[in-house]
Amino acid sequence: MKPAPFAYARPDSLAAACELLRRHGDNARILAGGQTLIATLNMRLSTPDLLIDIAAVPGLDGISVRGRALRIGARTSHRTIEQSPEVAQLVPLLAQAAPQIGHVAIRNSGTIGGSLAFADPAAEWPACAIALDATIVAASVAGERSIPARAFFRALYDTALAPDEIIVAVEFPILGPGYRSTFLELARRHGDYAIVGTAVVARLARDTLSDVRLAFIGAGPTPMLARSAMAALEGKSAVHTDTAAAEAALAQDLAPIGDLYSSPATKMHLARVLLRRAVAAITAPGATAAHAVPAASP
Amino acid sequence: MSTDPPDAGSDRSHERSTTLIVNGERVTRRIEPRQHLVDFLREELDLTGSHVGCEHGVCGACTVRVDGKIVRGCLMLAVQADGRRVDTIEGLTDSGELAELQEAFYRRNALQCGYCTPGMLICAADLLVSRPDATRAEIREHISGNYCRCTGYQAIVDAIETVLEARRKRGAAR
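Chains A and B, in that order, give the protein sequences. Just so you know, the working numbering puts 220 at position 220 of the first sequence, and the rest follows in order with no gaps. Just so you know, the working numbering puts 1167 at position 167 of the second sequence, and the rest follows in order with no gaps.
Only chain A is shown next, with the shape it has when bound in the complex (with noise of 0.2 Å):
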């Protein structure tokens, strides 16, 4: 279907942007890469009055190290980060995260700050905000704020930002050695959103596993941080790690929403059969350590 009429801005600055967002609220949405918003648009799911097409406004994109922390701009692509050697090297969770989104020509147009402000339960950006405990950087006319990413994502599709409040960049803390992490998740097709999945990162010393970090997606309406499943790993032995505790513990975090597909007991089912493959991947023998990924296209 084609889009119903809209206004149109491209703003050149970050101010000129939050301008217009402050004086539109709710009226208007932030068009970055479209990937999720141009298809509601057509499906006239969503029917705003003005579209801010953020293309033109500067300091948005790019990849850096700030301190302990690797900061991407908001409008990065998904591709950019797959394909970023800074990424696979410090974070790389998130390397292992982009080739599982949607295909190479979304991922060359969709953006991690529109990924992570839409908010989606089955989208791989927010799981990794949670695991790897991010900070969302926001902006508004008023200036700019931090947000932890553990209290960003409300309930389903809402978020901690405020109908004036853009997305300027994510900050991933680089772990360093010593932690190991991957991504799993079951899908129908590659590239459909996945059924369940799973972003899990752990340290790793003396065959022990410390500092454990389970974050699944299609399993309730936020990304939800499996806390009880967390606890239940934690200083567990790394060698044929008994994972039956925190297989049980999943019953505690998370709450799968039925689809046309999955009941929300086969979810829970896929979500325990994802954490055990998760565990045992990232304690194999010669599992690749986190600060040392390829990255995972040339």
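Hints were generated in silico from the structure; no laboratory data involved. Beta carbons: idealized from backbone N, C-alpha and C, even for Gly. There may be inaccurate statements among the hints.
[Unchecked claim] Taking CB as the label site, the calculated pair distances span:
1) B:CYS1113 to A:MET43: 24 to 30 Å
2) A:PRO163 to B:GLU1161: 47 to 53 Å
3) B:CYS1113 to A:HIS190: 20 to 26 Å
4) A:ALA151 to B:GLU1103: 53 to 59 Å
5) B:ARG1170 to A:GLY143: 55 to 61 Å
6) A:PRO58 to B:ALA1137: 36 to 42 Å
7) A:TYR261 to B:ARG1012: 41 to 47 Å
8) B:ASN1109 to A:PRO177: 51 to 57 Å
9) A:ALA245 to B:GLU1161: 43 to 49 Å
10) B:ARG1168 to A:THR208: 42 to 48 Å
11) A:SER46 to B:ASP1067: 25 to 31 Å
[Claimed, not checked] Which residues of chain A face chain B? A partial, calculated answer using Cβ under 7 Å:
12) PRO3
13) PRO5
14) GLN35
15) ALA39
16) SER109
17) HIS190
Since the structure of chain A is provided, determine the placement of chain B on it from the hints.
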């Protein structure tokens, strides 16, 4: 701000002058913001080789290149292409860049109705550059965003693999 009802199709008040380079030629038009890039190419420029399938980014029939990168023509507004370079199946055919793939598709019978073919060729051309060592599984993964409802994909994967192998052989011979 427009207060028109959502279907006021004749409303031209939002039109925006847009200049883009299409297949090497500079084009300037007044474009309604809601017009998709693929509709602009087809309806304003008569470049009907790019096809419109699902119109929500799933089928890949509308795949074109913008600034050298493959994108969905139905998930990009034409006004977003302002100042950018757009290449379609017509331009990429004329330049000869797709000739080897087109020949392989023909020989391997990798198309029946042809609806997906322009998008499939542009997507496959991207793989030849980004992953010249791709396996069959990787070919399938790369074209997973381009639907074909006729062939069952086997022949398409064969055709792309044929070109990749021929190029690897030529590379090794050099």
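Each hint, compared with the structure:
1. B:CYS1113 to A:MET43: 24 to 30 Å: Distance hint for B:CYS1113, A:MET43 holds at roughly 25 Å.
2. A:PRO163 to B:GLU1161: 47 to 53 Å: holds, 51 Å
3. B:CYS1113 to A:HIS190: 20 to 26 Å: Holds: the Cβ-Cβ distance is about 24 Å, inside 20 to 26 Å.
4. A:ALA151 to B:GLU1103: 53 to 59 Å: At roughly 56 Å between Cβ atoms, B:GLU1103 and A:ALA151 fall inside 53 to 59 Å, so the hint holds.
5. B:ARG1170 to A:GLY143: 55 to 61 Å: Between B:ARG1170 and A:GLY143, where Cβ atoms are some 58 Å apart, the hint holds.
6. A:PRO58 to B:ALA1137: 36 to 42 Å: Roughly 41 Å apart at Cβ, these two residues keep to the hinted range, so it holds.
7. A:TYR261 to B:ARG1012: 41 to 47 Å: Hint holds: Cβ distance 44 Å, inside 41 to 47 Å.
8. B:ASN1109 to A:PRO177: 51 to 57 Å: The hint (51 to 57 Å, Cβ to Cβ) holds, given that B:ASN1109 and A:PRO177 are roughly 52 Å apart.
9. A:ALA245 to B:GLU1161: 43 to 49 Å: holds, 46 Å
10. B:ARG1168 to A:THR208: 42 to 48 Å: Holds, since B:ARG1168 and A:THR208 (Cβ atoms, about 45 Å apart) stay within the stated range.
11. A:SER46 to B:ASP1067: 25 to 31 Å: Taking Cβ atoms as reference, A:SER46 and B:ASP1067 lie about 27 Å apart, which means the hint holds.
12. PRO3: holds, 4 Å
13. PRO5: holds, 5 Å
14. GLN35: This interface hint holds because 5 Å falls under the 7 Å limit.
15. ALA39: The hint holds - A:ALA39 has a Cβ within 7 Å of chain B, the shortest such distance being about 4 Å.
16. SER109: Holds. Min distance 5 Å.
17. HIS190: holds, 4 Å
In this structure, none of the earlier numbered hints is contradicted; all agree with it.
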